[in-house]
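A.B. asks: Hey, can you work out the whole structure from these sequences and the hints?
So the chains spell out like this:
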Amino acid sequence: MRRFVTHRGIAAPLLKINIDTDAIMPSREMKTVAKTGLGKSLFASWRFSDIGTDKEKLNPEFVLNQAEYHCTSILLTGRNMGCGSSREFAVWALVDFGIQAIIAPSFGAIFFTNCIRNGLLPIVLDEQVIASLAEYVALDPQINQLDIDLKNCQVTGSAGTVYPFELQSGFQIMLLEGLDAIDITKKLDKKIDAFKTTDIHKRPWAYLN
Amino acid sequence: MKYTLFDKVWNDHLITQQDDGADLLYIDRIFLHERTGSAALASIEENERSIKNSSHVFCTMDHIVDTFPGRTDQTTMPGGSEFIRVTRDLSLKGNITLFDLGDERQGISHVVSPEQGIALPGCTIICPDSHTCTLGGLGALATGVGSSECEHALVTETLRFTKPKQMRVVFNGQLNSGVSAKDMILNLIAKYSAAGGSGYAVEFSGPVVEALSVEARLTLCNMAVEFSAFTGIIAPDHKVFDYLKDRPYAPSGESWIQAKEYWSTLSTDDGAHFDQEIEIDCTNVSPTVTWGTSPQHAIPIDGQVPALMSEDGDARRSMKQSLAYMGLESGQSIEGLPIQAAFIGSCTNSRLSDLRIAAAILRGRKVSSAVRAICVPGSTQVKQAAEKEGLDQIFINAGFEWRESGCSMCFYAGGEGFVSGERVITSTNRNFEGRQGPGCRSHLASPATVAASAINGAITDSRKMGIV
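First to last, the sequence lines map onto chains A and B. Numbering-wise, the first sequence is residues 559 to 767 according to the numbering used here. Numbering-wise, the second sequence is residues 1252 to 1719 according to the numbering used here.
Just so you know, the hints here were simulated from the structure itself, not pulled from any lab data. Quick caveat: nothing in here was measured; it's all calculated off a predicted structure. Watch out, some of these pointers could steer you wrong.
[Claimed, not checked] Taking lysine-lysine and the PhoX-like style, the derived pairs with C-alpha atoms no more than 20 Å apart in a straight line are:
hint, chain 1, residue 1, chain 2, residue 2
1, B, K1303, A, K748
2, A, K760, B, K1511
3, B, K1496, B, K1511
4, B, K1617, B, K1715
5, A, K613, A, K598
6, B, K1253, B, K1416
7, B, K1344, B, K1303
8, A, K744, B, K1303
9, A, K760, B, K1259
10, A, K744, A, K760
11, B, K1259, A, K754
12, A, K615, A, K598
13, B, K1511, B, K1490
14, B, K1511, B, K1259
15, B, K1303, A, K745
16, B, K1259, B, K1416
17, A, K749, A, K760
18, B, K1303, A, K749
19, B, K1414, B, K1259
20, B, K1253, B, K1414
21, A, K748, A, K760
22, A, K754, B, K1303
C.D. replies: Below, the structure is given as structure tokens:
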């Protein structure tokens, strides 16, 4: 899995609440089983107008289409980011587009885990802090970039102001070292089988053959 | 030590607690579908891994298959046949039980799973689909996951979770006539927001929940994810046991007796701790309809679209966008709003009891000529059972299309969808922008409200229709 240690990048404010995974990656854009090449469809309904017609064009109002936000790699959003459908296609599209971190007051639970599993760092910060970060980057997005340090769990914004965040240590280590969750769990195979040996006596009805 | 229902199921699946705060849980059942299950199966192939216990893995075709009569592998959704083919090939290769097109057991995963006795009380069950929480209605610990987590569960029979906080929502009083589980959950989300359950596993309880049928409990838990909860769960009782008895994959014989004994212990101990408790007085719950683009944008059917002033920064911005998208203004009444389409289906409200309620309203009546109305039974078995009772004829005579089972137009996958700018009254779970078609405006409601509105061509309180 892709590692995440530190990152400095352009941050774009998308300060809506309840941004759902249908908005991040519309189902109609999930045309193959593949995880790659999905970035072009990211936020398709917001990024493009007259989508699917011959008049289709970029929507100049949408933040990621604006020249000053070119090469955005960090998103600042409202609460409950990534709610809705479990589709990991949403995270694959964000990663393919070049997004490396999302800062929000809260996340949809399935989306949060999907981010971690794909090396995309979800950061929880207070809504007021995010509003002030958004104000700061908006002054000059290409210059006022944000610094993220996962080892020390902090975001640095305006005039070196440091905002600490929390992340469960297991997630932090997986991201820092680029570890694969399945590989880690497979090392616990003996424990898993021992559990089953006991469990099958306790809940024999739960086992199908 | 006093334990909650959720604690009990969690603890009985706990293999080991990791130093980093994660718990490794044993996963009893895995359900896949062709949309995101295919990605998990393909990834297993690519990484040269294998499924650890295929006898606990099931798969169905529901998400992108067509629901027209006489359907084939070809889909109106572009590229859909690839998802079907990959799922079929890899299910066969992985020795997974597949409920394929043409199989009498086919249907929406969360409808099929209880129907076949695959989901059971006290079991952990995951599916790469956010509405897996539906199965909490049986007393299962059920949650939706992404494709990577699904792959983890397939390869190891386990998942790592951080144990969520716990909330109890007690539904007191009694339901007014014409009010259903769908109205209860919309009411909860409207009151406490679409993020109200964030970080929590939610137990639904109280006299009203106890009085609900098993199918209605599945509806209630279905939208726990729309509350942003980790899952919803309801203590299993004799209704659940009766429902599961003799289902194909449910335990039988000696095993059934052992199961029932175990299941009978699955309720929250008196005095067990919840991090948050909410009470809802159901005497105040009316038929509920959404006006906006989040399930939290729900109001009583006789209510008005709220004022922008009542919201703060980010929320206000979002609400403004919702109003513009929905073509509505603050203060507008929801009742009487003209609709162009009506949809009954989805893992929320497509079971036999839902179809019976709708049919009771549709009997002897005609859908407005301005409305395209569609009914998609949740499973092939629901469809057959409905046809045996003659419900299909009631729907068809009223002017509804009567379809094969699947997720259908609950979401737009690039094939069939509702028209831009049109209003749809829908028994589904999500009213997101473009959810049922680009530019389409979805109003979530109960099957009764959908049926009544289809007839009048405008959003209608079913209680004013009377049953003929």
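A.B. asks: If a hint holds in the structure, say so; if it does not, say that too.
C.D. replies: A quick look at each hint next to the structure:
1. B/K1303 <-> A/K748: 13 Å, holds
2. A/K760 <-> B/K1511: Cα-Cα ~13 Å, so holds.
3. B/K1496 <-> B/K1511: With a Cα-Cα distance of about 10 Å, the restraint between B/K1496 and B/K1511 holds, given a limit of 20 Å.
4. B/K1617 <-> B/K1715: Answer holds: B/K1617 to B/K1715 is near 16 Å, not above 20 Å.
5. A/K613 <-> A/K598: 17 Å, holds
6. B/K1253 <-> B/K1416: 15 Å, holds
7. B/K1344 <-> B/K1303: The hint holds at about 13 Å.
8. A/K744 <-> B/K1303: Cα-Cα ~11 Å, so holds.
9. A/K760 <-> B/K1259: 13 Å, holds
10. A/K744 <-> A/K760: 24 Å, violated
11. B/K1259 <-> A/K754: The given pair, whose Cα atoms are some 17 Å apart, holds under the 20 Å limit.
12. A/K615 <-> A/K598: Since the Cα atoms of A/K615 and A/K598 sit roughly 13 Å apart, the hinted pair holds (cutoff 20 Å).
13. B/K1511 <-> B/K1490: 12 Å, holds
14. B/K1511 <-> B/K1259: Cα-Cα ~15 Å, so holds.
15. B/K1303 <-> A/K745: The given pair, whose Cα atoms are some 14 Å apart, holds under the 20 Å limit.
16. B/K1259 <-> B/K1416: 14 Å, holds
17. A/K749 <-> A/K760: Holds, because 17 Å separates the two Cα atoms, which is no more than 20 Å.
18. B/K1303 <-> A/K749: Holds - the C-alpha atoms of A/K749 and B/K1303 are around 15 Å apart, at most 20 Å.
19. B/K1414 <-> B/K1259: Roughly 12 Å separates the two Cα atoms, so the pair holds.
20. B/K1253 <-> B/K1414: 17 Å, holds
21. A/K748 <-> A/K760: 19 Å, holds
22. A/K754 <-> B/K1303: OK: A/K754 and B/K1303 at ~13 Å, within 20 Å.
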